[in-house]
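**Q** Sequence:
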Amino acid sequence: MVTDLAIKDYRPRIADGILRKKLASAGAVVIRGPKWCGKTETALQAAKSALMMQDPDEKGNNLLLAEARPSLLLQGEKPRLLDEWQEAPQLWDAVRFAVDRERAKGQYILAGSATPTSKPSHSGTGRFAFMDMLTMSLAESGDSTGQVSMARLFEQGGEGIEAHSDSTIETVAALTCRGGWPAVALDEVSEASLETAYEYLTAIAEEDISRPDNVARNSQYARVIMREYARCTATQTTHATIRKDLKSRGTELSRETVDTYIATLRKLYVVQDLSAWEPSLHARSRITKTPKRHFADPSIAVAALGASPASLLKDMSTFGLLFESLCVRDLRVYAQPLSGEVFHYRDETGLEADAVVVLRDGSYALFEMKMSARLVEEGAQSLKKVADKIDTGVMGAPSFCAVLTPGGYAYRRDDGVYVIPITCLGA
-18 MVTDLAIKDY RPRIADGILR KKLASAGAVV IRGPKWCGKT ETALQAAKSA LMMQDPDEKG
42 NNLLLAEARP SLLLQGEKPR LLDEWQEAPQ LWDAVRFAVD RERAKGQYIL AGSATPTSKP
102 SHSGTGRFAF MDMLTMSLAE SGDSTGQVSM ARLFEQGGEG IEAHSDSTIE TVAALTCRGG
162 WPAVALDEVS EASLETAYEY LTAIAEEDIS RPDNVARNSQ YARVIMREYA RCTATQTTHA
222 TIRKDLKSRG TELSRETVDT YIATLRKLYV VQDLSAWEPS LHARSRITKT PKRHFADPSI
282 AVAALGASPA SLLKDMSTFG LLFESLCVRD LRVYAQPLSG EVFHYRDETG LEADAVVVLR
342 DGSYALFEMK MSARLVEEGA QSLKKVADKI DTGVMGAPSF CAVLTPGGYA YRRDDGVYVI
402 PITCLGA
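Following this note's numbering, the numbering of the sequence shown begins with -18 at its first residue and continues without gaps.
FYI, nobody ran anything at the bench for these hints, they're computed from the structure.
Ideal Cβ placement from N, Cα and C applies to all residues, glycine included.
You may find that some hints are simply not true.
Claimed, not checked - In the DSS-like style, the derived pairs of lysine-lysine whose C-alpha atoms are separated by at most 30 Å in a straight line are: (1) K270 x K366; (2) K248 x K2; (3) K(-11) x K59; (4) K225 x K270; (5) K295 x K86; (6) K270 x K16; (7) K86 x K29; (8) K40 x K248; (9) K(-11) x K29; (10) K2 x K29; (11) K59 x K16; (12) K40 x K16; (13) K86 x K225; (14) K29 x K59; (15) K40 x K59; (16) K40 x K(-11); (17) K248 x K29; (18) K2 x K(-11); (19) K228 x K248; (20) K228 x K295.
Unchecked claim - Each pair of labels, with its calculated beta carbon distance range: (21) R355 x D168: 28 to 34 Å; (22) D81 x P318: 25 to 31 Å; (23) A264 x Q201: 45 to 51 Å; (24) S30 x D396: 52 to 58 Å; (25) D168 x G343: 37 to 43 Å; (26) G397 x E188: 48 to 54 Å; (27) E259 x N42: 47 to 53 Å; (28) E136 x E169: 30 to 36 Å.
Please construct the entire structure, taking both the sequences and the accompanying hints into account.
**A** Here it is, written out as structure tokens:
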């Protein structure tokens, strides 16, 4: 049953099935993710009643009730959605207590676009399940055919995959700039849809950057830091280097300032770095542990750089990094139903895999992202070298290796490495 607040033309999301499973296993489910990514609409598909904490007509009264009698805000048909619950962190403990008392699964959904600064009295261990949401993947928005299933690749090795995408590099440039924002992801790419990421960036810099802890922050600092972060997309740039680069461009900020702004962007789920994978290797080699820098959606980086589809096509180096970020977002979405996580691998010799999808059972797959058919061979050779370096006696062999491209044909090379257009990939 869907509440009356839910939109009628809702486009199904991969997160829908994940939410149903988590509601069946825990008393409450916490949905986390950047604003505008669709958390509320997804939650409303499963909820039977809802408390909207940011409803201007009720916000004042709701905040007062959260202080005096939070249990009153939990009344309603279950599952009950508490949207933007972090506006009243007391709701966490109220839900935890209610779950203990009611002893039933699937009672509450808590959705929020920021991490509250005040910690609850109890962690909620055993009562809460957690679910992370991103913007729409290309398969969800209909911009990928979804013919090549990640689940099938893991289960069967993808033998004999056959798929084709008509997407061109120009198409992928436009999709990277538009992003996966549900408000525009189902529309044709247009000048209006390309503005959404710019509007998002403005909202973060001028309003949201100060909200998680109610500390006033400088919107210009937020903008220049996000711009510098965007320049580091898909690289292992350190915060110290970011400060140094800011200084070279005329903005000198202290270590504390830069670290605090980035930490706040992380609390808002705007920044979502890719951690390093640390497999067991049969050859001695030090693995670099610095995360790769990514925004929740590649269009945020595009907006921070002041870029457009046309400018990306004139700067293929930058476009290549943003294409990698686009692929990482989609891999994260497609890995979720498999209880998978996405990492990156790089060692001191420079050998790397742009992404590594690791499932809960220990199986894993290696990915490289390449912008043209000419570079596929380079990507495949790199993946084979990484695979050869892994101690398969401990880790097992990779389930598969794949080079992701913008468009064209999906096929299996003679050496076993798959070539898959990101516009053919799906869950």
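**Q** Each of the hints needs a verdict: does it hold here or not?
**A** Hint by hint, here is what the structure shows:
1. K270 x K366: holds, 19 Å
2. K248 x K2: Measuring from Cα to Cα gives roughly 26 Å; hence the hint holds.
3. K(-11) x K59: holds, 20 Å
4. K225 x K270: Holds: K225 and K270 sit about 21 Å apart, inside 30 Å.
5. K295 x K86: Judged against 30 Å, a Cα distance of about 53 Å means the pair is violated.
6. K270 x K16: This hinted pair holds, its Cα atoms lying about 29 Å apart.
7. K86 x K29: Since the Cα atoms of K86 and K29 sit roughly 14 Å apart, the hinted pair holds (cutoff 30 Å).
8. K40 x K248: holds, 22 Å
9. K(-11) x K29: holds, 15 Å
10. K2 x K29: holds, 17 Å
11. K59 x K16: Holds, at about 24 Å.
12. K40 x K16: holds, 18 Å
13. K86 x K225: violated, 50 Å
14. K29 x K59: Distance ~6 Å between K29 and K59 Cα, so the pair holds.
15. K40 x K59: Roughly 21 Å between the alpha carbons, so the hint for K40 and K59 holds.
16. K40 x K(-11): holds, 25 Å
17. K248 x K29: holds, 29 Å
18. K2 x K(-11): holds, 23 Å
19. K228 x K248: Roughly 25 Å separates the two Cα atoms, so the pair holds.
20. K228 x K295: holds, 27 Å
21. R355 x D168: 28 to 34 Å: holds, 33 Å
22. D81 x P318: 25 to 31 Å: holds, 30 Å
23. A264 x Q201: 45 to 51 Å: Given a distance of about 48 Å, which is inside 45 to 51 Å, the answer is holds.
24. S30 x D396: 52 to 58 Å: 55 Å Cβ-Cβ, so the 52 to 58 Å window holds.
25. D168 x G343: 37 to 43 Å: holds, 41 Å
26. G397 x E188: 48 to 54 Å: holds, 50 Å
27. E259 x N42: 47 to 53 Å: holds, 50 Å
28. E136 x E169: 30 to 36 Å: For E169 against E136, whose Cβ atoms are near 35 Å apart, the range 30 to 36 Å holds.
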